Structure formats: structure tokens, C-alpha cells
Amino acid sequence: MTTVPAPAVREPAWELPRSAIGLWTVESAISTVILWLGAGAFLLFVPASAGGPVPVLRWVLPIAAALHTVVAVGIRPWVKHRVYRWEITAEAAYTRTGWLTQTWTLVPISRIQTVDVTRGVLQQMFGLATVAVLTASSQGTVRIWHLEHGMAQRVADDLARRAELVRDQAT
Amino acid sequence: MTPPLVAPGIRRTSSRIVLVHTVTFKQARQLVPILIPIVAGFGFGGGLTTIALMAVGITVLSLAAAALSWWRFSYADGPSSVVITRGLLSRSVRTVPNDRIRGVEVEAPLLHRLFGLVRVRVDAAAGAAGEDEEVVVDGVSRAEGDRLRVAVLTHRGTPADEPSPEPVEEELSRWDNRWLLYAPLVGSYLALPAAALGALSRVLDDVPGDPVGDLFDVELPAAAWAVAAGVVGGALLLLVAGSVIGAAIVNWGFRLTRRGSSLVAVRGLFTRRHTELEIDRVRGVSVSEGLGMRLVGAGRATALVTGLADAARRGQLLPLGPRDEAWSLASLLVADPGPLRAHPAAARRRRIIRALVTGLAVTAGGLVLGARTGHWELAIAGAVVTVLGVLLARSLYAALGHAAGPRSFSVRRGWLVREQIVLERRAVIGWQVRQSWFQRRAGLATVTACVGAGSGGYAAVDMAAAETPSFTAAASGSWARALDPANQR
Chain A
2 MTTVPAPAVR EPAWELPRSA IGLWTVESAI STVILWLGAG AFLLFVPASA GGPVPVLRWV
62 LPIAAALHTV VAVGIRPWVK HRVYRWEITA EAAYTRTGWL TQTWTLVPIS RIQTVDVTRG
122 VLQQMFGLAT VAVLTASSQG TVRIWHLEHG MAQRVADDLA RRAELVRDQA T
Chain B
243 MTPPLVAPGI RRTSSRIVLV HTVTFKQARQ LVPILIPIVA GFGFGGGLTT IALMAVGITV
303 LSLAAAALSW WRFSYADGPS SVVITRGLLS RSVRTVPNDR IRGVEVEAPL LHRLFGLVRV
363 RVDAAAGAAG EDEEVVVDGV SRAEGDRLRV AVLTHRGTPA DEPSPEPVEE ELSRWDNRWL
423 LYAPLVGSYL ALPAAALGAL SRVLDDVPGD PVGDLFDVEL PAAAWAVAAG VVGGALLLLV
483 AGSVIGAAIV NWGFRLTRRG SSLVAVRGLF TRRHTELEID RVRGVSVSEG LGMRLVGAGR
543 ATALVTGLAD AARRGQLLPL GPRDEAWSLA SLLVADPGPL RAHPAAARRR RIIRALVTGL
603 AVTAGGLVLG ARTGHWELAI AGAVVTVLGV LLARSLYAAL GHAAGPRSFS VRRGWLVREQ
663 IVLERRAVIG WQVRQSWFQR RAGLATVTAC VGAGSGGYAA VDMAAAETPS FTAAASGSWA
723 RALDPANQR
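Residue numbers (the working numbering), protein chains in the order written: chain A, 2 to 172; chain B, 243 to 731.
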């Protein structure tokens with residue numbers, strides 16, 4: 002096997018707070034519980050004699066659910082914490098997101114239209130917030146996930162103020 | 243004829259529009275859901291008299307509705323905004339500031355033309371605006387329509403009362419009727435007669451008996467084959483003729499001119515459309531060629547304009563024509579970034595592997611099925627899919643390319659419809675670089691330029707990951723250097 006080449010582009014300088022791992026773990030745990038409820042309902046209510054692929058599914062489903070649990074709760078939050086990074090440079094907002102498929106997004110401050118700070122229910126429990134930087138393009142949105150709330154507010158204020166100063170046509 | 247002034251600056255639409263709307267049931271259409279239960283209640287028992295009475299009643303109703311909405315509608319184009327007043331019981335007054343107006347479209351459907359009227363659409367879309375955002379003044383005379391268009395557009399640009407010189411008009415492209423011959427090779431025009439045939443077949447379904455079945459039942463086998471061949475040949479002929487006629491109806495007399503700082507496109511046989519675009523808002527051009535169009539060297543060109551609602555239709559520079567014509571129009575608006583660079587061999591490998599995996603999976607499934615049941619059709623289909631898939635993968639790869647020039651850049655992709663986008667450097671309002679696990683191993687990346695025009699983003703699929711920083715820096719401002727790994731802090 003060939004060695005993995007260096008990443009395409011620079012990685013953003015700053016990492017997310019450790020509490021983001023806790024948030025991702027809780028999110029995964031919730032989705033896992035729902036998955037197990039579904040699998041349990043299948044095992045309970047679909048009789049094994051139902052023919053077709055059902056006998057195989059009765060084995061495959063719990064194994065798949067168990068695998069998903071291990072990956073989603075035990076591995077993914079930590080991988081995500083290594084992948085998710087962000088940076089505000091002199092000219093641009095820059096993030097990396099994803100885990101298997103990774104996405105880098107760079108938006109110059111001069112093209113920013115609005116900056117939003119949102120706090121989901123789970124995020125509030127962990128004192129986190131998301132900064133969304135919107136532009137005139139539907140695809141050119143930078144989301145900085147899970148910053149500490151005070152930090153998110155400061156970043157948003159700073160970006161909005163600088164966008165005001167350097168704004169050109171913005172489209 | 244200038245419309246009567248109700249009050250200073252406030253104008254009414256022409257009263258002739260009442261007739262147009264009566265005939266088309268424009269307002270009365272909304273009453274249909276209410277009428278159906280009433281009609282159902284009384285039933286059709288009365289025979290011809292009832293039907294005649296109902297026809298008269300509906301027409302009178304339609305006339306009344308059209309007259310009411312005409313009576314309550316007025317508009318005013320002031321120096322700073324356009325104001326539309328309407329509504330029967332709840333009056334609505336909409337004020338559109340002139341600096342938010344992105345374009346004005348004058349269209350003349352067939353019935354409007356018979357009455358010498360036009361419909362003026364004022365496009366004031368603000369980003370994610372819906373249908374409601376559009377302001378329509380329906381039913382003014384042609385002269386008033388032109389006056390309104392010019393008034394709205396000049397109020398917006400120059401300060402009031404400045405005598406603007408008569409703008410110079412320059413013809414950029416003119417429709418050539420020979421271009422209609424391309425129509426049968428274009429999917430969207432072929433779809434026109436197909437849709438019509440579909441509607442016809444639903445009518446045939448209602449005909450008692452089975453006319454199509456009857457055709458085949460009675461004749462001798464040889465004659466039946468001849469009939470079948472005739473039917474298929476006739477259908478094909480209809481399809482070809484229909485697509486040509488459809489293209490002619492939409493594009494007849496197409497003409498693209500530059501007037502001052504705007505592009506003006508006029509087209510249509512029955513409904514004449516008059517669309518105006520500001521050149522300053524054009525950020526790029528898309529030249530697309532479908533599979534059939536590539537065989538004969540045809541193409542279409544569309545301008546990518548910021549803040550334009552319904553941009554796919556309004557941005558059309560060349561709806562259908564020779565590829566060279568499309569490209570010469572494109573290069574008038576955006577600088578040519580130079581020849582495209584092919585993507586690395588790993589991109590071709592990725593496509594071929596994808597085709598092989600699906601093709602071989604089907605084949606393997608077919609072999610298992612064949613061994614168990616003796617039906618080998620699926621295995622054969624799988625083998626065919628594999629071979630075709632590999633050929634398709636090679637064409638998909640051949641379509642990929644990107645280039646960055648001094649003032650613009652370009653990306654190309656697609657097989658069924660191959661689309662090449664040329665964008666100005668200033669169009670880019672962000673970059674998105676995407677790498678899946680497989681792309682990271684193969685040293686590839688999909689680089690999307692986010693723009694505030696067209697579909698919002700255009701991607702160079704599977705370009706060499708190592709080229710990403712230099713491409714993004716060359717294709718946009720200095721801020722893109724933040725992506726360069728050499729700047730790692």
C-alpha cells in the first residue's frame with residue numbers, strides 16, 4: 002500500500018474545546034439508543050418464520066447495531082476532535098470538518114454577509130455554540146462547530162465588525 | 243396610448259386587460275374549488291339549458307372578477323421606488339426601492355399581443371426570495387411597457403434629471419433558422435413532443451375500446467410488423483418535428499444585443515420575451531453541450547448573474563446554436579482562461595474502479611443466480627454493464643478539466659450534459675475543498691468555487707490534491723493563500 006500523501010491544503014490552526022468530545026459522545030449515544038430501539042422492535046415484532054431475508058436480518062441487525070455503537074460512541078468523537086479545526090486569519094474564516102470525508106471551507110471576510118451564533122439544546126448543556134458565517138453563495142457557508150459560548154460570541158462580533166470595515170460588493 | 247393618471251404619478255393598467263383575463267379566467271380560476279361543490283349539489287340534471295346557463299354564469303363571474311381586480315390595481319414608478327397598490331378588501335401596497343431592482347422583463351403572450359398589451363415583470367429578488375417577491379404589472383400598452391422598463395432602469399442607475407445619452411446598441415447574436423435542426427438532438431426539446439404524446443395517450447385511453455390493440459389483433463403477422471414499423475417511424479418523425487416546432491416557438495427571432503451597460507435578449511414566436519441583464523452583474527458564463535449536441539458541434543451559453551431570480555431562463559445568451567457561436571459570446575463577457583488541464587490518471591482510475599465494482603457485482607450476482615436456476619440473463623447483463631461502464635468511465639474522465647488564467651478560471655465536467663464554467667476571479671466568495679477517504683489515498687481533491695450566482699458553487703472534481711493551493715490562489719484573491727500548506731504556522 003502506498004503511503005498517504007500530505008493533505009491537499011493547510012490545516013486550520015486551532016482545535017475545538019475538549020467538551021466537544023463529550024457533546025459528540027452524547028449525540029452518538031442518543032442516535033444509538035434510537036437504533037437499538039428499532040432493532041429491538043424488529044426482533045420482537047417480526048417473526049423469524051416470516052421467510053425471505055428475515056432469518057439473516059435477525060443476526061445481521063444486532064451485529065450492525067453493535068458495530069455502529071462502538072464506532073459512533075467509542076471512536077468517532079475522538080476522530081472528529083482531531084479533524085474539526087478552525088482559524089480566523091487576517092483576511093478569512095477557515096474551517097475543517099468531517100471525519101471520513103473531510104471538508105475545508107475558506108471564506109474571505111470581505112464577502113461575509115451575516116454571522117449567526119446558534120446554541121442547540123445539547124450545546125447549551127456543554128456551554129457550547131456554533132458560529133455560522135454566511136455569504137451570497139448557498140455553498141459558501143462556514144460553520145465553526147462547538148466553540149465555547151463566550152468565545153463564539155467574541156468571534157462572531159469580531160467577524161461582523163471586520164466585515165463591515167472591508168466589505169466590497171459581497172457578491 | 244399613455245395610461246390615464248388617477249393621481250399624480252399613479253397609473254392604471256389598460257382596461258383591455260379585463261377582456262384578456264375574462265377569456266383566460268385568470269381571477270375566476272381561484273373560485274373553481276368553491277364552485278365544484280355547488281355544481282355537484284345542483285347536478286347536471288337540466289340538460290343543455292343548465293350547461294348554457296352555467297357557461298354564461300361563469301363568464302360573467304370571470305368578467306366581474308377581472309374587472310374588480312383591474313379596478314383595484316394601480317402602480318406608480320417614482321424616482322426612488324415602484325409602488326404597487328391592489329387588493330379588493332384588504333388593500334396591499336408594495337413598495338420596491340429602485341436600488342433593489344435587478345432587472346425588468348417585458349413579455350407579450352399571444353392573447354396580450356392580440357390586444358396590443360404586454361406584461362412587465364420587475365425582478366426585485368433578494369437572495370432567497372420566493373415567487374411573491376416579483377412585481378408584475380399585467381396589461382399595459384407596448385409603449386407604456388417600454389417606458390416603464392426604461393424609467394425603472396434609468397432611475398436606478400443614474401441620478402434623477404441627468405439627461406442620459408441614447409445608449410448605443412450593438413448586436414451580439416442573431417437567431418439563424420438553420421439552428422433549429424439541432425433541436426432533435428437536445429433532450430429538453432425532445433421532451434416537448436414526448437409530453438404532448440403522453441397527454442394524447444391519456445386521451446386515447448378514454449376512447450372506448452382499444453384502438454392500438456385493435457390495430458395489431460386483426461392483421462396478419464407480416465402486416466402487423468409493417469404497421470408496427472410504421473407506427474414507430476411515425477412516432478419518431480412526430481418527435482423530431484415536435485422538437486423542431488417546440489424550439490421554434492420558444493426561440494423564434496432570438497436576438498442578443500448590448501445596449502449601454504445591459505444585455506438585452508428578445509425571443510419567442512407567440513409569447514415575445516424581452517429580458518434585460520446588467521453586464522456588471524455577470525460573474526461568469528456556462529457553456530453546456532448535451533450528448534447529442536456534441537455529435538454535431540452544438541452548444542448553449544448561459545450567463546451566471548448575481549442576484550437574478552430564475553437565472554437559468556433569463557441568463558440565456560444563446561439558447562441553441564453552434565458551439566463556436568456559444569464560445570465567442572462567452573469570451574465577450576469573460577476573459578478566456580486558456581486551455582484546460584487534464585486531471586491526474588488517478589481520477590481516471592477512480593472512475594474505472596467504480597464502474598468495475600458495480601458491473602462485477604451485478605455479474606457475480608448473475609453467475610450465482612445462473613448456477614442455481616439456470617437463468618444466465620443477469621450475468622450477461624452484468625458483463626455488458628461492466629464493459630459499457632468502463633467506456634463511460636473513460637468519457638467521464640475525459641470531460642474533467644480545469645484552468646486558471648490571469649483574470650478568470652474554468653472548470654469542466656459531465657458526460658450526459660458536459661458543462662464548462664468560466665468564472666471571473668472576483669466571482670469567488672469562498673472555497674470548499676473536499677476529500678473522501680479514497681480521495682486522500684489517491685492524492686485527489688474536489689475543489690468547489692463558491693459563487694453568488696448560478697447554482698452557488700462549481701466544482702473541479704478529482705483534481706490533483708497537490709495542485710489545490712496554486713489553483714485556488716490563481717483563481718481568486720490573495721486571501722486564498724491561507725489554504726497553502728507552505729503558510730502553516
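One or more hints might be untrue.
As the list claims (entries may be wrong) - Among the chain A residues that face chain B by a calculated CB cut under 7 Å, a handful are:
no., residue
1, Thr90
2, Ser138
3, Gln154
Claimed, not checked - If you want a taste of the chain B side facing chain A, the calculated C-beta under 7 Å gives, among others:
no., residue
4, Ile293
5, Ala297
6, Trp673
7, Gln674
8, Arg676
9, Gln677
10, Ser678
11, Trp679
12, Phe680
13, Ala687
14, Gly694
15, Gly699
16, Ala701
17, Thr710
18, Pro727
Simulated from the structure, these hints should not be mistaken for lab results. Note that the coordinates shown come from a computational prediction; the quantities given were computed from them, not determined experimentally. For glycine and all other residues, C-beta sits at the position ideal for the given N, C-alpha and C.
Verification of the hints:
1. Thr90: Hint on Thr90 (chain A): holds, closest Cβ of chain B at ~5 Å, below 7 Å.
2. Ser138: 4 Å, holds
3. Gln154: Not OK, violated: Gln154 (chain A) not within 7 Å of chain B, min 23 Å.
4. Ile293: At about 52 Å, which exceeds the 7 Å cut-off, the nearest Cβ of chain A leaves the hint on Ile293 (chain B) violated.
5. Ala297: 49 Å, violated
6. Trp673: Interface hint status for Trp673 (chain B): holds (5 Å vs cutoff 7 Å).
7. Gln674: 5 Å, holds
8. Arg676: For Arg676 (chain B), the interface hint holds, since the closest Cβ of chain A sits about 5 Å away, which is under 7 Å.
9. Gln677: 5 Å, holds
10. Ser678: 4 Å, holds
11. Trp679: Cβ of Trp679 (chain B) sits 5 Å from chain A, so the hint holds.
12. Phe680: 9 Å, violated
13. Ala687: It holds, given that the least Cβ distance between Ala687 (chain B) and chain A is near 4 Å, below 7 Å.
14. Gly694: 3 Å, holds
15. Gly699: 3 Å, holds
16. Ala701: Constraint on Ala701 (chain B) not satisfied, violated at 9 Å.
17. Thr710: 4 Å, holds
18. Pro727: 5 Å, holds
Consistency with the previously given hints fails for numbers 3, 4, 5, 12, 16, ordered from lowest to highest.
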